[in-house]
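J.: Residues per chain are reported as follows:
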Amino acid sequence: MSLTYLDAIREAQAHALRDDPRVFIYGQDVGDFGGAFKATKNLAKEFPGRVLDSPISEDAMVGLAVGAAIEGMRPIIEMQFADFSTVGFNQIVNQAATLFWRTGVSCPITVRLPFGGTSGGGPFHSQCIEAIYAHYPGVIVLTPATVEDAYSMLLEAVALDDPVVFCEHKFLYRHLKAEKLPSEALPIGKARIAREGRDLTVVTYSAMVHEALEAATELSGEGWEIEVVDLRSVKPLDTDTIMASVARTGKLLCVGEAWPWGGVTAEIIARVASEGYGLLDAAPQRLNAKDTPVPYHPNLWTAHRPTAVSVAEAARKILRQ
Amino acid sequence: MSLTYLDAIREAQAHALRDDPRVFIYGQDVGDFGGAFKATKNLAKEFPGRVLDSPISEDAMVGLAVGAAIEGMRPIIEMQFADFSTVGFNQIVNQAATLFWRTGVSCPITVRLPFGGTSGGGPFHSQCIEAIYAHYPGVIVLTPATVEDAYSMLLEAVALDDPVVFCEHKFLYRHLKAEKLPSEALPIGKARIAREGRDLTVVTYSAMVHEALEAATELSGEGWEIEVVDLRSVKPLDTDTIMASVARTGKLLCVGEAWPWGGVTAEIIARVASEGYGLLDAAPQRLNAKDTPVPYHPNLWTAHRPTAVSVAEAARKILRQ
Amino acid sequence: MLQPVTEPQLAAFRLMLRARLLDDKFAALYRAGKIHGGVFLGRGQEALSVSVGLSLRKGDVFAPLIRDAAGRLAFGETILDAVRTYLGSSLGPMRGRDGNVHRGRPRDGLLPMISHLGAMISVVNGMLFAHRLKKISGTVGAACLGDGATSTGAFHEALNQAAVEKLPLLMVVADNQFAYSTPTSRQFACDELVDKAAGYGVGAHSVDATDLTACLKVVGTAAARARAGEGPQLIVAKLLRLCGHGEHDDASYIPPEMKNSTLGRDCLKVAEEYLLQQKWTDAATLATWRSEAIREIEDAVAQAQREPGPDPFAEKWNAIASEHLNETHPQ
Amino acid sequence: MLQPVTEPQLAAFRLMLRARLLDDKFAALYRAGKIHGGVFLGRGQEALSVSVGLSLRKGDVFAPLIRDAAGRLAFGETILDAVRTYLGSSLGPMRGRDGNVHRGRPRDGLLPMISHLGAMISVVNGMLFAHRLKKISGTVGAACLGDGATSTGAFHEALNQAAVEKLPLLMVVADNQFAYSTPTSRQFACDELVDKAAGYGVGAHSVDATDLTACLKVVGTAAARARAGEGPQLIVAKLLRLCGHGEHDDASYIPPEMKNSTLGRDCLKVAEEYLLQQKWTDAATLATWRSEAIREIEDAVAQAQREPGPDPFAEKWNAIASEHLNETHPQ
Ligand SMILES: Cc1ncc(C[n+]2csc(CCOP(=O)(O)OP(=O)(O)O)c2C)c(N)n1
Ligand SMILES: Cc1ncc(C[n+]2csc(CCOP(=O)(O)OP(=O)(O)O)c2C)c(N)n1
Ligand SMILES: [Mg+2]
Ligand SMILES: [Mg+2]
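Here the protein sequences line up with chains L, F, X and S, keeping their order. If you read the first sequence in my numbering, its first letter stands for residue 103, the second for the next number, and so on. If you read the second sequence in my numbering, its first letter stands for residue 103, the second for the next number, and so on. If you read the third sequence in my numbering, its first letter stands for residue 105, the second for the next number, and so on. If you read the fourth sequence in my numbering, its first letter stands for residue 105, the second for the next number, and so on.
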């Protein structure tokens with residue numbers, strides 16, 4: 103049996119529904135249809151009355167989840183695309199995210215955002231907007247890069263007492279495969295060393311982990327050993343693991359598929375520069391998407407986001423300093 | 103005659119309405135009432151039919167502005183509080199911000215956000231959310247810190263061919279005074295050296311410029327000369343001026359009233375660390391609001407945001423290294 | 105000769121009176137500079153608000169808005185909770201973290217509003233939806249709103265959502281003629297806001313909010329219908345806001361003709377006259393009620409003023425509930 | 105014996121036919137793997153869409169949605185613009201930056217939709233509002249939407265805004281029974297979507313969207329009323345989506361009974377039969393129209409396929425229009 107990243111997300115939801123009567127799923131077309139990406143396939147049948155189609159009302163979808171959470175439920179909201187979460191944004195950042203701090207009542211909701219670029223996706227079906235959620239206090243923002251993490255982190259997201267924005271990468275949905283689902287996992291908040299190396303630390307997350315790994319393989323052919331850190335969670339950030347890696351390599355490249363201004367890469371460089379300044383023996387660098395909307399045409403899209411080729415190129419620049 | 107920051111904003115709008123028939127103002131209570139903060143006082147009377155009360159519909163307010171801009175107008179939208187712009191967010195970041203790139207048709211709208219903390223404001227009337235706008239391509243984000251800049255930058259905002267998010271600080275509204283309005287100004291995109299110094303560069307913007315200046319005065323008593331850079335515009339960022347200042351002082355402290363994760367301070371440190379690494383002779387630091395909602399009670403609020411005292415303290419730590 | 109005091113109007117009136125006196129106290133404290141931030145009153149809206157609060161029971165959900173002091177008291181909020189929140193006592197339900205009308209106790213079904221208008225309605229939906237999933241039946245939830253807030257997308261999405269799920273939602277709209285300074289003519293173009301009901305497929309109820317008896321009856325009927333499983337009920341109540349938007353606002357934009365019209369009547373006065381006329385109470389009883397309420401309010405204020413404000417050094421500056429993450433990832 | 109060809113149905117039918125054939129071509133290209141991203145068809149919606157397009161004139165505003173190939177052609181969009189956008193030609197109006205149905209020419213009044221449903225309506229309002237400020241009169245704007253998108257806050261805010269400003273907006277709702285897979289029973293609870301009109305204070309029009317003659321009449325009347333200054337007009341048209349949500353979707357969730365009902369009729373076939381029956385045209389003419397359209401479409405496809413895609417090295421990677429800022433602040 104071989105499972106995709108998407109299967110893992112489905113399985114995690116099935117597992118959560120099975121084990122915890124407080125869990126339900128609400129989102130456009132998640133019911134009988136099984137979701138735009140089939141992440142809830144067959145779940146409505148398996149769990150009658152607990153996997154429900156919502157109207158096209160992102161604001162009310164999240165609001166409903168918050169209310170249900172107050173009543174002790176553990177709702178999972180599926181946004182059809184991360185890009186459309188902007189119209190549910192207010193309920194996430196101002197309603198869900200402030201509830202615990204204001205009242206002491208926790209708000210365990212999970213908002214699943216199918217995010218990231220795919221060929222032909224275009225400006226409104228490709229966005230990486232994890233940073234706008236991470237900017238607000240009170241939100242946990244997760245970005246699994248592997249089939250195993252998609253599974254175990256989604257389970258943990260549902261179990262957490264806080265609002266979680268779960269960024270699942272559409273490009274990885276069918277692209278990644280694993281033999282089986284994990285029974286153990288790193289906890290949320292811990293980064294993973296996806297590949298060890300001594301010459302340069304590449305810190306990244308989600309789909310870009312695979313571009314970085316590919317670049318690392320390429321560079322190993324040139325004699326460089328690249329360490330790849332997979333953040334897993336972008337808020338909270340595992341500064342310790344990053345710092346330890348930079349302490350070993352002395353060099354840092356941050357790679358993100360999101361826009362540059364104030365993104366994950368900026369946050370990481372800011373942390374390393376201020377807390378681990380002495381560890382660096384070269385200027386830390388970042389590589390992001392270009393600062394324009396995500397283009398539709400594959401020619402442009404491939405140039406817009408970082409790829410193994412551009413990661414390798416950016417890495418070489420640092421290594422050759 | 104003495105003019106406040108708020109007067110300057112009113113005067114800039116009066117000036118724009120007078121000089122340019124394409125300008126109109128649309129927002130809740132901006133008409134006869136003159137706006138929640140009186141930033142449009144008397145303008146409806148002076149410019150009949152061009153200063154209009156909107157329904158409580160932030161999404162549609164911005165949408166209308168975009169449509170009018172396509173038709174060649176130069177709308178100014180007043181949000182009652184920046185915090186409420188989250189429900190107009192989508193139209194700003196996905197409609198207005200993408201128009202030029204997608205179609206080649208420019209989108210000259212100005213969205214005024216009364217933002218920032220005041221005593222007793224609480225979680226939903228105090229927010230500093232410039233970073234979520236700056237994260238998106240296609241938006242200009244301005245943060246004037248002085249009466250003069252409030253005036254000249256608002257005029258320039260209206261004249262610019264791009265969507266501008268104009269963050270005007272509520273704390274400065276009546277707090278700051280000037281003798282007269284300027285006839286000349288630095289262009290948007292240029293930072294200002296608010297105070298010269300040789301020991302440490304403090305980069306900041308909006309209300310925090312005044313906290314930084316106060317801290318600088320205090321520290322000068324201790325023999326330190328602090329250079330204070332007022333960013334004026336947080337997107338685009340004037341990296342050159344920052345870099346030149348850091349080149350002189352070798353030390354950097356970034357101060358922002360916003361939340362830390364991915365804020366202006368992270369972006370600046372990331373830039374300086376990657377582009378001006380060799381200029382630094384100490385770890386760059388940042389000082390932000392705490393990562394919780396903005397508290398209502400003055401006791402908490404004063405501890406939540408940076409103040410002259412905490413800026414001075416953070417500066418001392420760097421200086422004593 | 106007094107009628108038996110079981111008339112529901114009497115209990116309602118007493119709550120309205122308490123709410124009015126509480127509001128008056130907040131206004132006085134505001135003028136005296138004792139309150140940080142804004143003060144928002146329900147003056148003129150008490151009849152509607154109390155009717156909503158009284159239509160609810162323990163186990164129900166209530167999402168009041170800024171003019172619902174009366175409804176809050178009727179639903180069981182204490183005067184002390186209100187006073188502590190306004191005065192920023194660290195012992196209040198919001199612990200100084202939030203203030204004034206942004207208070208509540210979610211566990212008791214009383215939602216603490218966020219400021220974004222319309223945003224609480226879908227939260228009420230969610231609580232009612234959870235009741236259904238948990239097989240709790242017979243509960244209802246009330247969400248309050250103003251005429252202005254009917255223009256928000258949040259209101260629309262939530263009312264439609266409630267209709268699709270056939271949730272027992274009371275959608276209470278106080279059409280008090282103004283949204284801050286904005287008259288209804290700049291807010292909507294339908295003849296009556298209640299005309300919206302058919303477009304959502306929900307029950308429709310109109311009421312004169314200056315008339316307590318009518319409010320109790322109409323809101324009570326609507327609540328009964330929701331409780332009986334007939335789905336969401338839209339109640340539109342007409343009145344005039346008898347104060348500024350907040351206490352910083354003199355409301356000079358409200359035309360005198362409007363103030364002098366029937367719409368501009370003070371529901372508290374109307375109710376008082378009615379109760380006296382019906383001989384359900386007398387002036388002496390009312391005076392007692394008044395002085396009792398005043399004493400309770402003054403006591404609460406005195407107590408809250410003695411209580412400590414929040415201590416920034418003792419404060420836990422954590423926005424998330426997951427303690428293990430706060431420990432592994434300190435700020 | 106043929107009637108004079110000035111019957112509006114004839115011109116409309118010809119546009120519908122062109123739209124259908126264009127859609128068919130996109131479907132074929134999609135199946136052949138020649139199109140990046142999704143393909144969205146208007147099959148079954150041509151009668152409504154063409155009526156909207158034909159009700160507009162130069163100077164008017166049109167915000168089509170994903171199923172409006174017919175309306176676009178009627179409004180003046182060229183087949184080449186459509187094909188170039190779908191095939192990503194750098195010479196198309198979107199220059200490969202955006203694709204498929206996200207095309208338009210704002211300067212010509214044809215708005216390029218963003219994907220967020222409901223978001224274009226207030227933009228149309230803004231253009232109409234600008235016309236008023238610029239003292240241009242007699243123009244109207246049409247915004248298209250589906251049944252599902254009526255649940256968005258954006259729709260509500262914008263329709264209310266148009267009503268308050270009394271803008272000449274045609275709010276066209278194609279109630280095609282499904283939003284992706286979601287049936288209307290999970291989308292709204294009113295009897296008919298047109299029941300929403302009264303709650304906004306706008307004109308109300310219902311039409312059977314499988315009937316071209318009815319569509320032309322009803323949409324034409326609504327447009328005339330808007331143009332005459334009677335404010336926004338809500339048109340709700342009923343039909344069944346005769347295709348998947350996109351070409352990746354086999355729509356197996358649509359019940360066969362529905363397909364076989366009157367609602368499931370194909371407006372193009374209905375119109376064709378009617379035209380033939382009225383003897384306004386004949387089979388030979390139709391065959392000519394068809395082959396002419398096919399030729400034009402094939403020519404456009406051949407041309408666009410020869411055209412270069414966008415060149416990432418020649419691309420200006422600037423999201424802002426202010427050239428001086430791009431120069432002083434390069435990426
Ligand atoms: C989304 C949003 N926009 C703007 C505001 C600012 N605001 C607070 S109260 C108010 C007026 C509300 O009017 P209405 O709904 O009629 O209630 P009323 O004050 O009359 O009781 C406005 C515009 C807000 N709180 N939320
Ligand atoms: C705000 C928003 N949420 C979700 C989507 C995803 N989405 C695209 S089309 C669609 C269904 C639209 O249904 P309807 O409005 O009935 O139009 P139809 O496709 O039937 O023409 C959905 C949910 C979106 N585009 N925008
Ligand atoms: Mg009102
Ligand atoms: Mg539909």
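These are computed hints drawn from the structure, not numbers from a lab. As the structure is a computational prediction, the values presented were derived from the model and not from experiment. Fair warning: there could be bad hints in the mix.
[What the hints assert, rightly or not] Simulated crosslink set (EDC-like; lysine to aspartate or glutamate; CA at most 20 Å straight-line): (1) Lys-270(S) to Glu-296(X); (2) Lys-420(S) to Asp-122(L); (3) Lys-239(S) to Glu-173(F); (4) Lys-140(L) to Asp-353(S); (5) Lys-162(X) to Glu-173(L); (6) Lys-239(X) to Glu-173(L); (7) Lys-143(L) to Asp-354(S); (8) Lys-147(L) to Glu-173(L); (9) Lys-373(X) to Glu-396(X); (10) Lys-292(F) to Glu-431(S); (11) Lys-140(F) to Glu-351(X); (12) Lys-292(L) to Glu-377(X); (13) Lys-270(S) to Asp-295(X); (14) Lys-140(F) to Asp-386(X); (15) Lys-238(X) to Glu-377(L); (16) Lys-270(X) to Asp-295(S); (17) Lys-238(S) to Glu-377(F); (18) Lys-239(S) to Glu-377(F); (19) Lys-292(L) to Asp-312(X); (20) Lys-321(X) to Glu-411(X); (21) Lys-239(X) to Glu-320(L); (22) Lys-140(F) to Glu-334(X); (23) Lys-419(L) to Asp-263(F); (24) Lys-143(F) to Asp-354(X); (25) Lys-238(X) to Asp-301(L); (26) Lys-238(S) to Glu-148(F); (27) Lys-238(X) to Glu-148(L); (28) Lys-270(S) to Glu-173(F); (29) Lys-162(S) to Glu-173(F); (30) Lys-419(F) to Asp-122(L); (31) Lys-270(X) to Asp-121(L); (32) Lys-292(F) to Glu-427(S); (33) Lys-138(S) to Asp-263(F); (34) Lys-143(L) to Glu-431(S); (35) Lys-420(S) to Asp-122(F).
[What the hints assert, rightly or not] To list a few chain S residues with every Cβ distance to chain F over 10 Å, as calculated: (36) Leu-184; (37) Asp-202; (38) His-206; (39) Thr-432.
Think of the CB as a built atom: it goes at the ideal place given N, C-alpha and C, for glycine as much as any other residue.
J.: Confirm or reject each hint.
T.: Okay, the hints, checked on the actual structure:
no., hint, in the structure
1, Lys-270(S) to Glu-296(X), "holds, 17 Å"
2, Lys-420(S) to Asp-122(L), "violated, 52 Å"
3, Lys-239(S) to Glu-173(F), "holds, 12 Å"
4, Lys-140(L) to Asp-353(S), "holds, 12 Å"
5, Lys-162(X) to Glu-173(L), "holds, 14 Å"
6, Lys-239(X) to Glu-173(L), "holds, 12 Å"
7, Lys-143(L) to Asp-354(S), "holds, 16 Å"
8, Lys-147(L) to Glu-173(L), "violated, 25 Å"
9, Lys-373(X) to Glu-396(X), "holds, 19 Å"
10, Lys-292(F) to Glu-431(S), "holds, 13 Å"
11, Lys-140(F) to Glu-351(X), "holds, 16 Å"
12, Lys-292(L) to Glu-377(X), "violated, 68 Å"
13, Lys-270(S) to Asp-295(X), "holds, 14 Å"
14, Lys-140(F) to Asp-386(X), "violated, 47 Å"
15, Lys-238(X) to Glu-377(L), "violated, 48 Å"
16, Lys-270(X) to Asp-295(S), "holds, 14 Å"
17, Lys-238(S) to Glu-377(F), "violated, 48 Å"
18, Lys-239(S) to Glu-377(F), "violated, 52 Å"
19, Lys-292(L) to Asp-312(X), "violated, 59 Å"
20, Lys-321(X) to Glu-411(X), "violated, 41 Å"
21, Lys-239(X) to Glu-320(L), "violated, 58 Å"
22, Lys-140(F) to Glu-334(X), "violated, 46 Å"
23, Lys-419(L) to Asp-263(F), "violated, 37 Å"
24, Lys-143(F) to Asp-354(X), "holds, 16 Å"
25, Lys-238(X) to Asp-301(L), "violated, 56 Å"
26, Lys-238(S) to Glu-148(F), "holds, 18 Å"
27, Lys-238(X) to Glu-148(L), "holds, 18 Å"
28, Lys-270(S) to Glu-173(F), "holds, 18 Å"
29, Lys-162(S) to Glu-173(F), "holds, 14 Å"
30, Lys-419(F) to Asp-122(L), "violated, 50 Å"
31, Lys-270(X) to Asp-121(L), "violated, 28 Å"
32, Lys-292(F) to Glu-427(S), "holds, 15 Å"
33, Lys-138(S) to Asp-263(F), "violated, 37 Å"
34, Lys-143(L) to Glu-431(S), "violated, 50 Å"
35, Lys-420(S) to Asp-122(F), "violated, 31 Å"
36, Leu-184, "holds, 17 Å"
37, Asp-202, "violated, 5 Å"
38, His-206, "violated, 8 Å"
39, Thr-432, "violated, 5 Å"
Against the hints set out earlier in the document, violations occur for numbers 2, 8, 12, 14, 15, 17, 18, 19, 20, 21, 22, 23, 25, 30, 31, 33, 34, 35, 37, 38, 39.
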